[in-house]
Amino acid sequence: MLPTLHHGQILLGRRWFRPSVGQIVVAWTDQPLIKRITKLDREQVWLEGDNVSASTDSRYFGALPRRQLEAVIIARITRGR
Amino acid sequence: MKLPKLITTVYAHCDLMCGVYDPAQARIEAQSVYNAAKKYADSKDPVFKQRAVQIKEERAQLAKEHLWVLWTDYFKPEHVEKFPQLHDLFWRATKAAGEAKKSMEVTAAEDLIKLVDEIGGIFAQTKPGYDYDAVRKNAELQAA
Chain A
327 MLPTLHHGQI LLGRRWFRPS VGQIVVAWTD QPLIKRITKL DREQVWLEGD
377 NVSASTDSRY FGALPRRQLE AVIIARITRG R
Chain Y
75 MKLPKLITTV YAHCDLMCGV YDPAQARIEA QSVYNAAKKY ADSKDPVFKQ
125 RAVQIKEERA QLAKEHLWVL WTDYFKPEHV EKFPQLHDLF WRATKAAGEA
175 KKSMEVTAAE DLIKLVDEIG GIFAQTKPGY DYDAVRKNAE LQAA
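First to last, the sequence lines map onto chains A and Y. Under our numbering, residues 327 to 407 are what the first sequence spells out, in order. Under our numbering, residues 75 to 218 are what the second sequence spells out, in order.
Chain Y with its partners taken away, still in its complex shape (with noise of 0.2 Å):
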């Protein structure tokens, strides 16, 4: 027995109080990534060239770090079984994130964004009444 008093607290033991998740973040950041890589391409200014290098990198850190808590936080067993392809895509996207780094290729954050928006949907489909259509939306709305 290792309870040591009558009265004591016990935990649910949950990453975060019924944990907020949502793609939503990383496809913001893969948007952000894209407008920075087209801004660049479209500019011809040396400084602001510079800026775009820079804030697209960071934004891809970012892209990177949201899809790692939802692969290792959000999604659980039962969720591979239904989406076998949960880790591969996961792996892919990350590895888009990083390639969406290095890269000042338009293309590359088109890939990052295609795959985010292929987990996205099966995000959808494992949380009832959540609606990644709407993010893809609002986040095209805003595409550079």
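Bound conformation, chain A alone (with noise of 0.2 Å):
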């Protein structure tokens, strides 16, 4: 998710919310995964990494259910390094 954020950041997430285009989420995959919605419709999400060249997303593994999304990310609390 470079340039957007960075290792080690800590960032604040909340579990309820509307999931809408533009938002970085966490996912749950085989491990939480955190990348942006590019798509949705009202049954899956489409996500993608801001880094492009080099992100593993929905380009790969598809697009993920709804219920999968775990989080919104809301706030950074730290840039990491």
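Accuracy of the hints is not assured; some may be wrong.
[Unchecked claim] Each computed DSS-like pair below joins lysine-lysine, with the alpha-carbon atoms no more than 30 Å apart:
| # | chain 1 | residue 1 | chain 2 | residue 2 |
| --- | --- | --- | --- | --- |
| 1 | A | Lys365 | Y | Lys156 |
| 2 | Y | Lys201 | Y | Lys150 |
| 3 | Y | Lys150 | A | Lys365 |
By construction, these hints were calculated from the structure, which means they are not laboratory data.
Make the complex out of the two chains shown on their own, each in a separate frame, by following the hints.
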């Protein structure tokens, strides 16, 4: 998610939210994944990383069910490194 | 809901944290393959020739692996859209690496270099500021 997010950065998220395009969200795959919503419909979301050339995201694993969204990022607490 | 804790680590899930990909790796190995084949052809020393064969095979295998990493990890669907020849080019390049591994013919190494250069040229078009010409010139400076 470079350059938007950095390794070690502390973020604040909110679990209950209405998904919308552009949001940075945490989704559950085999681990908690943080990406940006680029498309969504009533049932699924399409997630992509901001670091387009190095991101493994919906371009590879496809759309995710909306129920796999866990949280939306609402603030960055620290800058990371 | 699966997030187990109030504070939890999340992952951007890149293959590498801001992965470093560079066709220079494949190009250097391809040059080594060429040099080994050329030195083999120029040598009358049977021990040297044996070593040249072995080293050439090692470097050709490395060239193949570097090509695979670029193909599978770096290039993305949008690159293939822009350069529809990409998959075929990588297929031919890895085949050329295999051929250069098996053969002592300098022409096999030249074919490999040519295809790696073609990939390098495309890579440069996908990465603003990347100078593949410099990579190629540096490798050629060391040609046997």
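Hint check results:
1. A:Lys365 <-> Y:Lys156: Answer holds: Lys365 (chain A) to Lys156 (chain Y) is near 22 Å, not above 30 Å.
2. Y:Lys201 <-> Y:Lys150: Cα-Cα ~12 Å, so holds.
3. Y:Lys150 <-> A:Lys365: holds (18 Å)
No hint from the list above goes unmet by this structure.
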